[in-house]
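*Asks:* Sequence:
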Amino acid sequence: MKIGYDAKRLYKNFTGLGNYSRTLVGNLQLFYPENEYYLYTPDIRQNEVTDSFLNNAAFHTVMPQGKLKGWWRTSAIKKDLKKDRIDIFHGLSHEIPLRMQHTGIRSVVTIHDIIYRTFPDMYSLIDRKIYDFKFKYACRHADKIIAISECTKKDIIRFFGIPESKIAVIYQAIQPIFYQMQEAGEAREKVERFHIPPDYLLYVGSVNSRKNLLGIVKALRLLPSHLQLPLVIIGNGRGYKKQVEEYASAHRLSQRLIWLNNLTDSSVLQAFYQNARIFIYPSFYEGFGLPVTEALLSKVPVITSSVSSLPEAGGDYCYYVNPSHPEEIAEGIRKIIEDPAFCNKLTAGGYEFAHRQFDPRLLTQKVNDVYRELLSLRS
Numbered sequence: 001m002k003i004g005y006d007a008k009r010l011y012k013n014f015t016g017l018g019n020y021s022r023t024l025v026g027n028l029q030l031f032y033p034e035n036e037y038y039l040y041t042p043d044i045r046q047n048e049v050t051d052s053f054l055n056n057a058a059f060h061t062v063m064p065q066g067k068l069k070g071w072w073r074t075s076a077i078k079k080d081l082k083k084d085r086i087d088i089f090h091g092l093s094h095e096i097p098l099r100m101q102h103t104g105i106r107s108v109v110t111i112h113d114i115i116y117r118t119f120p121d122m123y124s125l126i127d128r129k130i131y132d133f134k135f136k137y138a139c140r141h142a143d144k145i146i147a148i149s150e151c152t153k154k155d156i157i158r159f160f161g162i163p164e165s166k167i168a169v170i171y172q173a174i175q176p177i178f179y180q181m182q183e184a185g186e187a188r189e190k191v192e193r194f195h196i197p198p199d200y201l202l203y204v205g206s207v208n209s210r211k212n213l214l215g216i217v218k219a220l221r222l223l224p225s226h227l228q229l230p231l232v233i234i235g236n237g238r239g240y241k242k243q244v245e246e247y248a249s250a251h252r253l254s255q256r257l258i259w260l261n262n263l264t265d266s267s268v269l270q271a272f273y274q275n276a277r278i279f280i281y282p283s284f285y286e287g288f289g290l291p292v293t294e295a296l297l298s299k300v301p302v303i304t305s306s307v308s309s310l311p312e313a314g315g316d317y318c319y320y321v322n323p324s325h326p327e328e329i330a331e332g333i334r335k336i337i338e339d340p341a342f343c344n345k346l347t348a349g350g351y352e353f354a355h356r357q358f359d360p361r362l363l364t365q366k367v368n369d370v371y372r373e374l375l376s377l378r379s
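Numbering of the sequence shown is given in this note's numbering, commencing with residue 1 and proceeding in unit increments.
It should be emphasised that the hints constitute simulated quantities derived from the structure, not laboratory data. Since this is a predicted model, take the numbers as computed values, not measurements. Hints should not be assumed to be uniformly reliable.
[Stated by the list, open to error] Calculated cross-link-like contacts (lysine-lysine; reagent style DSBU-like; alpha-carbon spacing at most 35 Å):
hint, residue 1, residue 2
1, Lys-218, Lys-144
2, Lys-299, Lys-345
3, Lys-2, Lys-218
4, Lys-242, Lys-134
The whole structure should be built from the sequences, with the hints applied where relevant.
*Replies:* In structure tokens, the structure reads:
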């Protein structure tokens, strides 16, 4: 079976969508080496992460010959797909080429979330129009849709009127490194390179209003003095970051915030999870909530929101809060720190749940089964 992928984000994005692409394609090649994997991308950002695909003979990377790279990805790519005799094309992030349905090649699209609909104020009108066209087109014309959560599936049905039978919910596999704990001393040494104190709270993610970092900072203000741990923030942001900094400054909390840019080294990120006292992620909306699962696999207790897909990511082993109520976040911090038995219940149960629910082999098998189902329908 020859499978082609829209690999733009695999080669150019180093956060959520890129990680999904690399983890899925890497796992497919690992567990199903009999398939042939073609990676179609208009451009490449070369580094250690992408070199693992570029230097692996199991992957065939294909780029456009002309200058109209954007148009190639949108439409002209179909000629290359036919030339390469592709059986299945998988759009890994919300898109498939125009008129793909007329090629005779079966297509799959992964929909991660529909945030531009649920949080329209975060996007310009023109961006919303563009996203709406791309998402609707892909959902209506792909042969199968993979939704990364039940929450996303419900949104696809609600916003686009897609039949439930067309959608397969297949959770996002976590980067392989998270399935194996680091030795404690090694992990601690990696964190100490950043001059981080031994006891800290942790947030990982983009710094924007939807992720609700300000809610965590407001919760810090409510904690008694003996619970006033620093908060390590791993992520980037602009306007909203300034809002958080201004609030922290006004309430004398600035010294308790430790800002780090996104860490591209996954082993360092894992070390930060492993050494955190609590991971806090009170987002207002997530298509899946990957950091929650990464934290559970790292045996750290998690405080997260009881909304959207986050209960799917955390199961019964997180402390759930209303993200609009900082006092609930503060109470979660207090409960986890002051009740060791409760903390141990969360970490032990969460670790077992995450390994069972997000087993990479089983999740990859489900994707491969989608491909085989579509291949059997090919005329």
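*Asks:* All hints are to be evaluated individually against the structure, with a verdict given for each.
*Replies:* Here is what the structure says about each hint:
1. Annotation: proposed proximity of Lys-218 to Lys-144 is violated, straight-line Cα distance about 43 Å (limit 35 Å).
2. Proximity of Lys-299 to Lys-345 is assessed by CA-CA distance (about 11 Å); at most 35 Å being required, the pair is judged to hold.
3. A distance of roughly 52 Å separates the Cα atoms of Lys-2 and Lys-218; the hinted pair therefore is violated under the 35 Å criterion.
4. Between Lys-242 and Lys-134 the alpha-carbon distance is near 32 Å, which keeps this suggested pair within the 35 Å criterion.
Going through the hint list in order, the structure does not satisfy hints 1, 3.
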